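Q: So the sequence lines, in the order shown, correspond to chains B and P. Add 3 to the 1-based position in the first sequence for this note's numbering, that's all there is to it. Add 231 to the 1-based position in the second sequence for this note's numbering, that's all there is to it.
Just so you know, these hints were derived from the structure itself, not from any lab. None of these values were measured; they are calculated from a predicted model. Cβ coordinates follow ideal geometry from the N, Cα and C atoms, glycine included. Fair warning: there could be bad hints in the mix.
[What the hints assert, rightly or not] If the Cβ cut is set under 8 Å, some of the chain B residues that face chain P in the computed set are:
| # | residue |
| --- | --- |
| 1 | Ile104 |
| 2 | Phe108 |
| 3 | Arg112 |
| 4 | Ser184 |
| 5 | Gly192 |
| 6 | Glu195 |
| 7 | Arg199 |
| 8 | Lys201 |
| 9 | Tyr205 |
| 10 | Asp206 |
| 11 | Ile351 |
[What the hints assert, rightly or not] Below, in silico cross-link-like pairs of lysine-lysine (DSS-like), each with a Cα-Cα straight-line distance of 30 Å or less:
| # | chain 1 | residue 1 | chain 2 | residue 2 |
| --- | --- | --- | --- | --- |
| 12 | P | Lys325 | P | Lys342 |
| 13 | P | Lys307 | B | Lys209 |
| 14 | B | Lys209 | P | Lys342 |
| 15 | P | Lys307 | P | Lys342 |
| 16 | P | Lys325 | P | Lys375 |
| 17 | B | Lys209 | P | Lys472 |
| 18 | B | Lys134 | B | Lys81 |
| 19 | P | Lys342 | P | Lys375 |
| 20 | P | Lys325 | P | Lys307 |
[Claimed, not checked] What follows is a set of in silico ranges between Cβ atoms, one per label pair, in the way DEER data are often shown:
| # | chain 1 | residue 1 | chain 2 | residue 2 | range |
| --- | --- | --- | --- | --- | --- |
| 21 | B | Ile131 | P | Thr370 | 53 to 63 Å |
| 22 | B | Ile20 | P | Leu347 | 27 to 37 Å |
| 23 | P | Leu347 | B | Leu393 | 54 to 64 Å |
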Amino acid sequence: MKSISYILMAAVAALLIVLPYVGDLASQNLAIKVMIAAIFALGFNLLWGQAGLPSFGHAAYYGIGTFATIYAMEAIDKGGFLPTPLLPLVGAAAGFVFGLIAGWFATIRTGVYFAMITVALAELVSAIAVKWEGVFGGESGLRSIRSDWGPFAFQTTTSVYYLTLVWAVLVMLFLYWLQGSPFGLIVRGIRERELRVKFLGYDARKVKTLVFALSAAVSGLAGGLLAISDESANMVLFQGAGSAFVVLNTVIGGANVFFGPVIGAALTTCFGYFGANLSHFWMFYLGVAFVATVLFAPEGIGGAIVERARQVRAGERALLNLSDIANLSALIVAIVGLIILVEVTGTICSESYRAAVASGQGVWPAVKLMGLSFNPLSPLTWIAGIGGLLLGTWVLLKQGLAKWPSFLRRTELAQPVGTGEAK
Amino acid sequence: MSDITLSLASVAKSFGIVRVLEAIDLEIARGERHALIGPNGAGKSTLFNLISGAFAPTSGTITLNGAAIGGLVPHKINRAGLGRSFQITHVFDKLTVRENIMLSVMGRFGKRWSLLRRGPVWTDIARETDAILEGANLTTRAHKRAGDLAYSEQRAVEICMTVGTGADLILLDEPTAGMSREETEHVITFIRRMTEGRTLVMVEHDMDVVFNLADRVSVLVNGRILMTGTPAEIRADARVKEAYLGEGAH
């Protein structure tokens, strides 16, 4: 099992190294976006997965990193001496400073109040970015250009790709090392039982503030790479969607597995890239995937992979067996059912469809989907959609791949451990 | 340094208008094993939380090794030399047993911000951690997750962590809560061994444990100390019998 994961990692590494030679420009651009999203999600997960602190306003530090880097690029263009490859450090530094301030405020409270403070601070930054056109460039945003550094030219997408790849590897090494360090141990202790950590002599508040700042720094570094790649920054970055997407990536990938956020970021970024061309409703599907993950596989895809690997290693099951194939088929049936439902409903609700109905004297044209025509007035269409969705879901639940969420499961109440009151 | 480890002078605590503790005076000598007993609602847990820094006293002073600790935040009180356990087990479930103990030992060696495991001090930390594991018979459990251990083993880990910070005053909150008679016997021996040479204050309901382990006992009734004395004196006292032992007569 261990050797398989090494082989897998080597294969991914080899693919990433040769990608510019085998892939086109679009694939390089996509890979850059994936790596940036992955770094951002890893930074977010340092706070969530390691320290157990939920931030719902991480777009702020990402955006601050982007804008700081744009200003640094401008300075280099005007004759500054900072080497272009080190630009992401400007984003990281900006993220760190703002993270230190925000973290100091947010860690005054814990749990849901902590999360609320992070949201409030992100909204505050966003509001300032909208109003302060002189700094954030208003609706048109800011632009700058990449400068070459010594023998290194940064004008091509390929050069940006390799720069991003190097930084992605460095960030992963740093975070992996941090997780295993003594400081990382204290951080994980805080996630488990903060009160215990305090009574062991550690200043939990300071530790949390520093973790917050480090998490914001990694997010800012991701933002810096975005600035280098796009050569622009826009206040849209500060909006809530950015904060939501990083949570989504981390949940889908799995917060308790180191590479989980990377998997999530890769999947959703690719899904957005291809899905947006295929369907108007790709965001809806992403939302469904998120809800399904939270309800049925709270450990995420990464968690599921790790669990499967553990079972295989323990000899409890084969790597792939018949029930996997059944589950996979059921999943596909459910997804196809969902797609039929969503696309047909979505299409007949659209303005253009209603216009088509009106111009066709009340005839409802068929909806084209996956090379087939679906008549919205035929019950068969709806039977196929609802039936596929229900059948697939039923098989998944029956097979036990997906579990009912705990509040729908019938379980015996756990017996609380006695605290030994006086007899 | 005086031979008094912990001293409380007219310590009082109110929650709103409710006076939970009034005018507590108590001195605990170095190396003493002291038990706090009393009926439910007498204020034992409150007193325990005041000493360990979970709450600040409303009035009065708490002195540890000559330094006032009343109202300090928990990590400062810990660094002043006080370690506490919890009534409900507070171990780090998802960390290994060794990591649990190491977390408590690291701080004692001043490694509270360390990013690297380099240098001779880490050899000392590792050695100390392994010694504690060895002493608690937990060596074979070292790489298991603490959450996967049996309840009595988790209690042992908790006591190891409390001792591991190097504190010379150990506060144990019902160390035998929820244990069988046999496990309790083990824990008494274990506590005696682990707290050798340290000062121990514990809240305990089990009278066998109290009379077995404590050098002196304080009886708390309605927020006041009714009396302090040796187990024999406590057992013989009529007031204590009436106020406390009488109602749960053997």
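Q: Identify every previously stated hint that the structure contradicts and give their numbers, smallest first.
A: Hints 1, 2, 3, 11 and 17 contradicted; others consistent.
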